[in-house]
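Heads up: the protein sequence lines correspond to chains B and P, in order.
Just so we're aligned, residue 1 is where the first sequence starts under the working numbering, counting upward by one.
Just so we're aligned, residue 201 is where the second sequence starts under the working numbering, counting upward by one.
Incorrect hints may appear among the rest.
[Said to hold, decoys possible] Examples of chain B residues toward chain P, derived with CB under 10 Å:
1. Glu24
2. Leu38
3. Val41
4. Phe60
5. Pro68
6. Gly75
7. Ala85
8. Arg86
9. Arg133
10. Val137
11. Val180
12. Gly183
No wet-lab data here; the hints were simulated from the structure.
Backbone N, C-alpha and C define an ideal beta-carbon position, used for all residues, glycine too.
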Amino acid sequence: MPDTTSRPSPADGELVARAAQGEERAIGVLYDRYGSVLYAVAYRIVGQRADAEEVVVEAFAQAWRDAPRFEAGRGSVAGWLTMIARSRALDLVRARSRRDRITASAAADRPDTPPAMGQFRADPGGALDHDERRRQVRQALETLSPPQRQAIELAYFDGLSQSEIAERLQEPLGTVKTRVRLGMQKLRECLRPFYFERGT
Amino acid sequence: MTGPAQDSLQDLAAAYALGALSADETRRFEAFLATSPETQREVEEYREVAALLALGGPEGQTGGGSLPGGLRDRVLARVGDQQTRPLAAARATAARPSSAVWVALAASLLLAAGLGAGLVSSRGRLAAVETELAARNTTLDQTGRRLAEREATLNSILEPGVELYQLTSNGDPEPGIQLFWNRQRNQAIVHGFRLKPVPTGKAYQLWFIKDGAPVPSITFKPEPDGHAKVEHVPVPEGGKLSAAAITVEPETGSAQPTSPIVMVGALKRS
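In isolation and in its complexed conformation, chain P is listed as follows (with noise of 0.2 Å):
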């Protein structure tokens, strides 16, 4: 599908301080915030109002103000934890070593020459090990929200009366698109896998066959992968739906299809 306009992302940003953009508008979305410092500015104004939100719940939905006895002393307690000593705070410890230790360094050039090495050194790790923390931190973030996010798919599938068609090319297997249709909500999420690239400026485009006559749905590109998934397409209401088809049109759309079916599965009427 073809990404939204810059004007529509900006107006993403109360929702993306709130947390409430899916993984791919997110991802998009920050691209998208990378390039502005207005938009940054917006982020975190609105971000602050987030934070205000809390104390707006009706007496009683808060917790109450007074805070539970002992609940500093355990906060106070797994702060004191090793285990969670903040990084800095070992590296302020390597980098400035006590007097002990430069009395120490000048009673032995040798040694004191293979202690700075070993500072350096240490200094070094500490930050390679620091830089990699951060860099796991954000995968596992970036791995958590696609979790989250496959779970909801996986939920959506799983859901009664979703119905799975396949959409092949010429009976192949691979590629192939998976339609599930919900039909209470009149939704279907298309999956597709082995998917070939497209060219630059197209999409695929899927259509329903409405009547006998396809009726526009959305565009979408593959991964790189050949992976390609697209939620809440809207299915067409009344009339008689026989089949769903998919061409490769220009990237925004068509609404006749302007070149032959490359993939196409029959639909059951309920």
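Just chain B, with the same shape it has in the complex (with noise of 0.2 Å):
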């Protein structure tokens, strides 16, 4: 069951201390928070309900054996389990690839029906909700080009290099370049106000 407590909540960061000396409640509190945030990830990626929730799982069993090396006040909680999602959802579809390869089957992976859009949880401690979040993301997105949004999203979500982007669209390598850079800092403009809180 989520944490339903009303004492003031814990900082992020905390958390990860707490986890790292063994509290297992304190990786049910992180979940509550931004278990949804993961999942959104790992979807995204590997395109399968059942996939997804692997990620998670390995995710936050991952971020509780890294828990002692996290460096508070080197970025965010979230963006550090973001990225460790990622990693996993990414090896999952590598590892489904060559297996594909290998049994050289035909058949393309087709996402699931998604799941009906529910409320992604708030932040207790009455940070910025997620669904907030959401909405300022999207809006910045809209803000890019279409091949930049494409060129961040094959990198980000398809775990190519901007190599392999150049090789998949058939543009310069200097060209990919040049839209994942300038669409980040047009992103990094738009989004400042609202990165997820430190790690401190």
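Please assemble the complex out of the two chains, which come individually in their own frames, going by the hints.
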């Protein structure tokens, strides 16, 4: 069950520190705060609900193991967790791709029918909730040119390097690099007020 | 090849945060990153941007906001597995013995001395294990990146229509250069082996012989083990390509060869 305590909510960084000391409940609170974000990353990459769930489980298990090495002040806990989930999701996709190549399976993975949209759980500490962030992120993405957005999404969600993106799109590498750089600069300017809570 | 200038390295911060650099670019960028607090801040900020990207997908591509029932329990069950308990927790337990342990310690000086030494020893062992684990994790990550890079190279080489040409030194099979030429993409992968080191400030340079004249291509330096690999090498279009050759040139490259050919191989016409 989600944590429903009415006491002031501990900061994210404090929860990671508690996890590092072996407090499993701290992971439960982090799940309540960011489970939806991690699931969204995982689902976007793997495209299947069962696999996305497995990625979330593995991501929190890795966060539990790596908690003693988390460096407070080097970015947000949400950013750290998201990075872990993205890596695990890409690992799963690559493993699936290798397996498919080996078995010469022609069947393409089709995403499951996505579940109905619900509400992301707001940070009980009263910080900006995920709905508001999602709205701002969508607005920020709309300020990008379609090629900029495509390049950034191929990098982040497909795990492609800039060279691989250039090959896939049959575009010069320099063009792809410029799109990634300028697009990310624009997103940074738009989203600066909406970053997740810092890890301190 | 010569490394990119410092200002262009800083330009790679966004791509680095997205995980969009090749293994080679990552190595060079991380070396630069360690020396630039400004770039470190920039990377941290771009990572925050990347973390938000998942929220920007269209409805239906985010998997929905409602988490599947039972997932929280699965996460906690996995975390509760003793195999995944953080080392810091074990260290904290070892470092802070219970009061009962202290009573027992007081009961026997001899035992206390033994336990105390044991605690110090186990704390030291745990610290050593933690350090080793961190080092192994780093090695694992690096190995994973290298494997992914090699797999990508292998896939490129195995693409249909890729032709292999050998560049040798007077017919001697070693040292040698393998040129994997993808005619469809007008690109090549250059793989060198048993290459001799080049003098400081020098590098090997590849030339394509087109219509009887040398066309300058990439420069590269061999690794200490004599290997070298350069991907996405553009192959000149138009005209008749008859051969590829290697000379030793200044590491910034030359417009015309300034030294004798050290390796050469004929290229067949398609």
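Verification of the supplied hints:
1. Taking 10 Å as the C-beta contact cut-off toward chain P, the hint placing Glu24 of chain B at the interface holds, the least distance being around 5 Å.
2. Annotation: Leu38 of chain B was flagged as interfacial toward chain P, and the flag holds, the nearest CB pair being 8 Å apart, inside 10 Å.
3. Using the Cβ-Cβ criterion of 10 Å, the hint placing Val41 of chain B at the interface with chain P is satisfied: the shortest such distance is roughly 4 Å.
4. Taking 10 Å as the C-beta cut-off, the interface hint given for Phe60 of chain B holds, the closest approach to chain P being about 5 Å.
5. The closest approach between the C-beta of Pro68 of chain B and any C-beta of chain P is roughly 4 Å, which is under the 10 Å cut-off, so the hint is satisfied.
6. Taking 10 Å as the C-beta cut-off, the interface hint given for Gly75 of chain B holds, the closest approach to chain P being about 5 Å.
7. For Ala85 of chain B, the interface hint holds, since its Cβ comes within 10 Å of a Cβ in chain P; the closest pair sits about 8 Å apart.
8. Taking 10 Å as the C-beta cut-off, the interface hint given for Arg86 of chain B holds, the closest approach to chain P being about 8 Å.
9. Because the smallest distance between the Cβ of Arg133 of chain B and any Cβ of chain P comes to about 5 Å, under 10 Å, the interface hint for this residue holds.
10. Given the 10 Å rule on beta carbons, the hint for Val137 of chain B holds: about 4 Å separates it from the nearest Cβ of chain P.
11. The beta carbon of Val180 of chain B is positioned within 10 Å of a beta carbon in chain P (closest approach about 5 Å), and the interface hint is therefore held.
12. This hint holds: Gly183 of chain B has a C-beta 8 Å from the nearest C-beta of chain P, less than the 10 Å allowed.
In this structure, every one of the numbered hints holds.
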